[in-house]
Amino acid sequence: MWGLGLAAVISALALWHIRRMRARYEALLSAAREINAATGPEDVRRRVAACLTGITDARVHAAVAAMLAVAEDRENLRAEAENARVLAGTEKFRAALLSSVSHDFRTPLGTIIGAATTLASSDAALDEQTRASLTGMIVQAAGRLNRYVRNILDVTTLQAGGLRPSLDWVDLEDVAGAALAAVEDALTDRVVLVSIAEGLPLLRLDFVLIERVFTNLLENAAKFSPPGAVIELAAEQRGDWVEVTVFNTGSDIAPDALDKVFDRFFRGGSEITGTGLGLAICRGFMTAHGGAIFAERDRARGGVRFRLRFPVAEDMPGMGHSEDE
Amino acid sequence: MNDRIVVVEDDPQMRRFLKTGLEAHGYEVAEAKTGREGLAAIVTRLPEVVLLDLALPDMEGTEVLAEIRGWSKVPVIVLSARTQSDEKIKALDLGANDYVTKPFDMGELMARVRAAMRQKIADKGAEPLFVSGRLKVDLLRRVVTVGGAEVRLSPREYELLKVLVVNAGMVMTHPMLLREVWGPAQAEESTYLRIFVGRLRHKIEADPARPKLIVTEPGVGYRLKVLAEE
Chain A
1 MWGLGLAAVI SALALWHIRR MRARYEALLS AAREINAATG PEDVRRRVAA
51 CLTGITDARV HAAVAAMLAV AEDRENLRAE AENARVLAGT EKFRAALLSS
101 VSHDFRTPLG TIIGAATTLA SSDAALDEQT RASLTGMIVQ AAGRLNRYVR
151 NILDVTTLQA GGLRPSLDWV DLEDVAGAAL AAVEDALTDR VVLVSIAEGL
201 PLLRLDFVLI ERVFTNLLEN AAKFSPPGAV IELAAEQRGD WVEVTVFNTG
251 SDIAPDALDK VFDRFFRGGS EITGTGLGLA ICRGFMTAHG GAIFAERDRA
301 RGGVRFRLRF PVAEDMPGMG HSEDE
Chain B
326 MNDRIVVVED DPQMRRFLKT GLEAHGYEVA EAKTGREGLA AIVTRLPEVV
376 LLDLALPDME GTEVLAEIRG WSKVPVIVLS ARTQSDEKIK ALDLGANDYV
426 TKPFDMGELM ARVRAAMRQK IADKGAEPLF VSGRLKVDLL RRVVTVGGAE
476 VRLSPREYEL LKVLVVNAGM VMTHPMLLRE VWGPAQAEES TYLRIFVGRL
526 RHKIEADPAR PKLIVTEPGV GYRLKVLAEE
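Residue numbers (my numbering), protein chains in the order written: chain A, 1 to 325; chain B, 326 to 555.
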């Protein structure tokens, strides 16, 4: 009898003990989950303190404090490493920018100073034609310098993460027209063909930024192709995308450079002048619009093609009832 | 007597360049270094056109503009060093007639000045026949021709073209055009404008993808160019 009674008491105690253990285990698990969901070091401290309320055992408090210290050390180290990485990136960017400025600004600046001082010197006997040619050189070099400055401003805005596209409904034919007008001078001895499909949907874009993408691609096509080359600008809808292509004959890109051309400060060739920023800006602006840009070689036609993809908005407003056609 | 222009600009080099350039085109130029000086010069000189820099040492260019508009309708062309279209739009909203972005082409500035002068004359009585390149618009008979051939426009397309013609050579912002053509309630419906400008271009431009008449001012609006008759 005694044996049976004792066994019952023991098993009752054991069961109680197991339940208590399980309750503690559950509490520990939910506390761990709770702490794991923390959003930052401050939040971790707050959540840990909340879990420890009601626990009086000093050993638990000491152990938790030691764990927290280790975790914080690790977090600080990670943050420092990240800072150093960003800083190194910024330093590298600054150095590359500086080298680009000193390298690419000199040529047009040299032209301007040279031509202007020739015009200003009173002892040189200049005929009308020479004067016109010198002023023409100044105008051209100043225009180039102006484009460099604009590119550098664009790329620093992108680097600083300060790009906020101001979106509005845009007609791609309109963007193409503005871009073609802006680069008219660069396209003078190229055959330019434009084909914008009829009935393209309006797209929700930042007109100014996308016009910069178009002008950079067109300038690029003119820069890398010989006089007389064909430059084609086309746009058409392909399912959920509108695709724009800028193609030029008479140039090539090495297969392993097709992706690298979009890197900042990448240059297509040593004899080509430019900041190596134009295509990097294109990629930055396209990404900011949820679009994409690719380069490809067209060996059959002997040229290079850039493809832009713009997502078609689902909520393009209709023309409403107030219209008259 | 020559037409008078007041130049409000704090940068001495820029002022010198503007004075030389404008005088070479036959204008009489009065210079002002600050907003206060500029306002005084406008009162005393009664110019035909004002060139106003937006970044002045004593007050914001937009403040100067608001003050001018308190008592004068003189055409104001804003010189903006900022590439942000927001600044230009703010100035245009406050009553500026047009803008050029620094660095600008002297030819471009002269075209703006001429358009502003023409605008001032047009206020006294509109020219009924407008000609630009191959485009002719007869505002009295509501007839539009391109290269001598009549072009049929829908009533809305004609309204849009008419507003551009009346303000030929000057920039028209998107809200201005929407208000004038579709009414104040539609001032936000930029899709209408995009579509109608596109349609109009297909009817009056030789190559709608490379427009020469209705040109786009990126992020701001549209401008009907005044070209030599063809």
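Just to be clear, a hint being listed does not mean it is correct.
Calculated cross-link-like contacts (lysine-lysine; reagent style DSS-like; alpha-carbon spacing at most 27 Å) [claimed, not checked]:
(1) B/Lys537 <-> B/Lys487
(2) B/Lys487 <-> B/Lys415
(3) A/Lys223 <-> B/Lys487
(4) B/Lys398 <-> B/Lys415
(5) B/Lys344 <-> B/Lys427
(6) A/Lys223 <-> B/Lys537
Worth flagging that the hints you see were computed from the coordinates, not collected in a lab.
Quantities reported herein were computed from a predicted structural model and do not represent experimental measurements.
27 Å Cα cutoff - pair B/Lys344, B/Lys427 | 16 Å, holds
Given the hint that B/Lys537 pairs with B/Lys487, does the C-alpha gap stay at or below 27 Å?
-> 17 Å, holds
For the pair supplied as a hint, A/Lys223 and B/Lys487, is the alpha-carbon distance within the 27 Å limit?
-> Violated. A/Lys223 to B/Lys487 sits at ~40 Å, over the 27 Å cutoff.
Given hint B/Lys415 paired with B/Lys487 - CA-CA distance at most 27 Å = 25 Å, holds
Proposed proximity, B/Lys537 with A/Lys223 (alpha carbon, max 27 Å) = Holds - the C-alpha atoms of B/Lys537 and A/Lys223 are around 24 Å apart, at most 27 Å.
Would you check the hint for B/Lys398 and B/Lys415, treating anything up to 27 Å between C-alpha atoms as holding?
-> 17 Å, holds
Of the numbered hints given earlier, the model fails hint 3 alone.
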